[in-house]
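Each chain, written out:
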Amino acid sequence: MTQNSDHDGGVATVESTVALIRRIRAGDAGARERLLRRFLPLLQRWAHGRLPRHVRDMQETDDLVQVTLVKALAQLDHFESAGPGAFLAYLRQALLNQVRDEIRRHARRPEHSEMDVEISDPDAPALIEQIVGAERVRAYEQALGTLPKRQQGLIVMRVEFGMSYPEIAAEVDSTPDAVRVMVARAIVQLSKLLGSETP
Amino acid sequence: MPPQNSQDRQDLEQLAARIADEQPVDWRELEKADAGSLGGLREIEQLAQGFRHLQVSAVAPKTPTSNRFCFGTLQVLEPLGSGAQGEVWRAYDPLLDLQVALKLRKVESGVLSNQFLDEGRRLARVRQANIVSVYGAAIHGGRAGIWSELVRGSPLSSLLAEHGPFPAEEVRGIGLDLCHALAAVHRHGLVHGDMKCENVMREVSGRIVLMDFGAAREFELADPGVVTGTLRYLAPEVLRGEAPSPASDIYALGVLLFHLLSGEFPYAQSEFDALLQAQARGERVRLRKLKPDAPRDLMRAIETALESDPARRHATALAFATALAPSPPRAAVRWVWPAALIGAALLAASAVAWRSAAPVWQVQANFQRVDAHGSTQLADGSRIAVGDRLALQFQSNQPVYVYVFDDDGTGNTGVLFPLNGVEPANPLAAGATFRLPGTRDGRALTWQVSSAAEREEFVVIAATQPQAELEQAIAGWQHAGTATGATRGALGLADAPEAAEVASAPLRRVLDRLERNARAGELRHWHYTFPHAEK
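Protein chains in written order, with the numbering used here: chain A, 1 to 199; chain B, 1001 to 1535.
No wet-lab data here; the hints were simulated from the structure.
Backbone N, C-alpha and C fix where the C-beta goes; we use that ideal spot for every residue, glycine too.
Mixed in with the good hints there might be a few duds.
[Claimed, not checked] Residues of chain A placed beyond 12 Å of chain B at every Cβ, according to the derived structure: (1) Arg23; (2) Asp28; (3) Ala74; (4) Asn97; (5) Asp101; (6) Ile128.
[Said to hold, decoys possible] Subject to a maximum C-alpha distance of 20 Å in a straight line, what follows is the list of computed EDC-like cross-link-like pairs (lysine to aspartate or glutamate): (7) A:Lys192 with B:Asp1008; (8) B:Lys1291 with B:Glu1170; (9) A:Lys192 with B:Asp1011; (10) A:Lys192 with A:Glu135; (11) B:Lys1289 with B:Glu1307; (12) B:Lys1291 with B:Glu1303; (13) A:Lys192 with B:Glu1013; (14) B:Lys1291 with B:Glu1271; (15) A:Lys71 with A:Asp28.
Given only the sequences and the hints, what does the whole structure look like? Please build it.
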């Protein structure tokens, strides 16, 4: 069946995130809206895979992401840009922290005390941990955190968010071909960190 | 951490790029690389697959909520495009947890829902890396829909319009991918029927994907007289009303590659009658006039695909691939036929006459793959897999002595026919159609692929006289299995015009011995090479 691209054509007209952040800092409410619209669906889907089952209710996840994103935008002044693409990595980290808080909060909820122990278990695995194993995810997070912010952003955008090279190129103000090479190099760097821990 | 030279670094980066591109990685080929980095890359591959499973969609700034509706369990998100029969939507499948392309039948399309769903049924049978994967088909609320993988990228037609003709080596690469896609389609007894630039996508990762099987059909059931497809890509015989065939797909692929390389079409005419007349008059534009600097082997491969006479085109999609491949390394072992034979009609027919064949002897041999649903004729170059059951359909208008051998390239050479205790025995009676190996105790037998070799060679010899010397020579060879239907050996089929090159030394000796034997009588032989399907 014929499909037409819904990506390649749009990339050229997408404002870069850096430009949007600049406008938001200058008080442009429209830019804030556009940034929210851009990242909300992406982060909502991502967070869905990062939450354990009992807090994965779609509405709850969406609320969580929205709150995190709004908070992050409110604190933009504290965000020190480490280059294009870093904002998404920053958002992801903020969300990851929020997700962990949420899991702990859920575990403390009194109404859960009478429920199945497994359901209220704060260590219950997230979807991604169920798929590839919690230990692997932890090692990955640790190694990722030691990479330069720009490389973190590239890996997160490509591997975790599944963004296409043209989309990433628009984010980091580069070309798809150059992004492909940069992503590969970032992965090699990450692999060395992970490899040194692999027996 | 051991120091890395620049080659190692490049290798690792290429590997990392494959992981990022969601391409499979053959770890077995990478034993020499730094073990630590490889271990890390394996970890990342696992993680990447996990994330892909959860895959988030790319940033989608425009998703008009007014368009949203449901088709069964699918949440339909936004329109992607429209064709004659259906419209294509981006949709989310919550059960698979991924985005899909949903093609919904247009109410005004004029095709029945069942006809529309046939596309899904046909396509679901074919799984190949360069063919779009179908996930499901259903009718909901009176509307038929087929959903498949969401291919992110651009049609070749758009890339051509934006950037102009493709570089020669890129055309070659695209051609090779599409040849393998077509080979898979043809292996399932289907023809695509509408191969064109608009129906081939290049994903962001570079993967080439053949789409749109709306015109596909079983070629044996295709209805002659009904012309489907896109005019400039239609082979002359299809334009004249013949049913589409693998040969017409090969022609269309030739047009596509011609177009990618030059930006032009082989015939300038775009109207039905004018095109038909131009084809009849042979007014084809030659590639070398448009692209004098393009590699000659590439041009030759494309021009051969565009021959008006289907018999003069590449015999199969895999033969086309072989012609497109950049100067393949020659096999280490080659057998050169005696010079006296080279002038014979070796290239003209799959059956090679060793002596001046009297026109009265007509003999046919066709391999078939046999399964619970019946049998499928194996095309040239078909890949076969362990477990496949094969048979040879054989017919001659004279009594004939038949010998069938195979060699898996690892030193196992065996006799597949004749077999003790198996009917028929030599000579096979004239006029009847036999399915070899035959029957034992009334039970039909097949040859079952059981070897894990990479390929097998298969030689069939037919003689009008008994071959006592041959039988004596092969008496000590391993004979095909004693279990019902099972023998050793694994075969892919290549009805090679260059059948003179037999790699197997024992089989070469057999053929050589026969060729030298003046009393051998009239002989024919067929030589096939069968690659194994990838596991």
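Cross-check of the supplied hints:
1. Arg23: Fine: 15 Å to the nearest Cβ keeps A:Arg23 off the interface.
2. Asp28: The claim holds: A:Asp28 sits with its nearest Cβ about 17 Å from chain B, beyond 12 Å.
3. Ala74: holds, 22 Å
4. Asn97: At about 19 Å from chain B, A:Asn97 clears the 12 Å cut-off, so the statement holds.
5. Asp101: The claim holds: A:Asp101 sits with its nearest Cβ about 21 Å from chain B, beyond 12 Å.
6. Ile128: Violated, since 5 Å does not exceed 12 Å.
7. A:Lys192 with B:Asp1008: holds, 13 Å
8. B:Lys1291 with B:Glu1170: Roughly 15 Å separates the two Cα atoms, so the pair holds.
9. A:Lys192 with B:Asp1011: holds, 14 Å
10. A:Lys192 with A:Glu135: holds, 17 Å
11. B:Lys1289 with B:Glu1307: holds, 17 Å
12. B:Lys1291 with B:Glu1303: Holds. B:Lys1291 to B:Glu1303 sits at ~13 Å (cutoff 20 Å).
13. A:Lys192 with B:Glu1013: Answer holds: A:Lys192 to B:Glu1013 is near 12 Å, not above 20 Å.
14. B:Lys1291 with B:Glu1271: Roughly 25 Å separates the two Cα atoms, so the pair is violated.
15. A:Lys71 with A:Asp28: Roughly 17 Å between the alpha carbons, so the hint for A:Lys71 and A:Asp28 holds.
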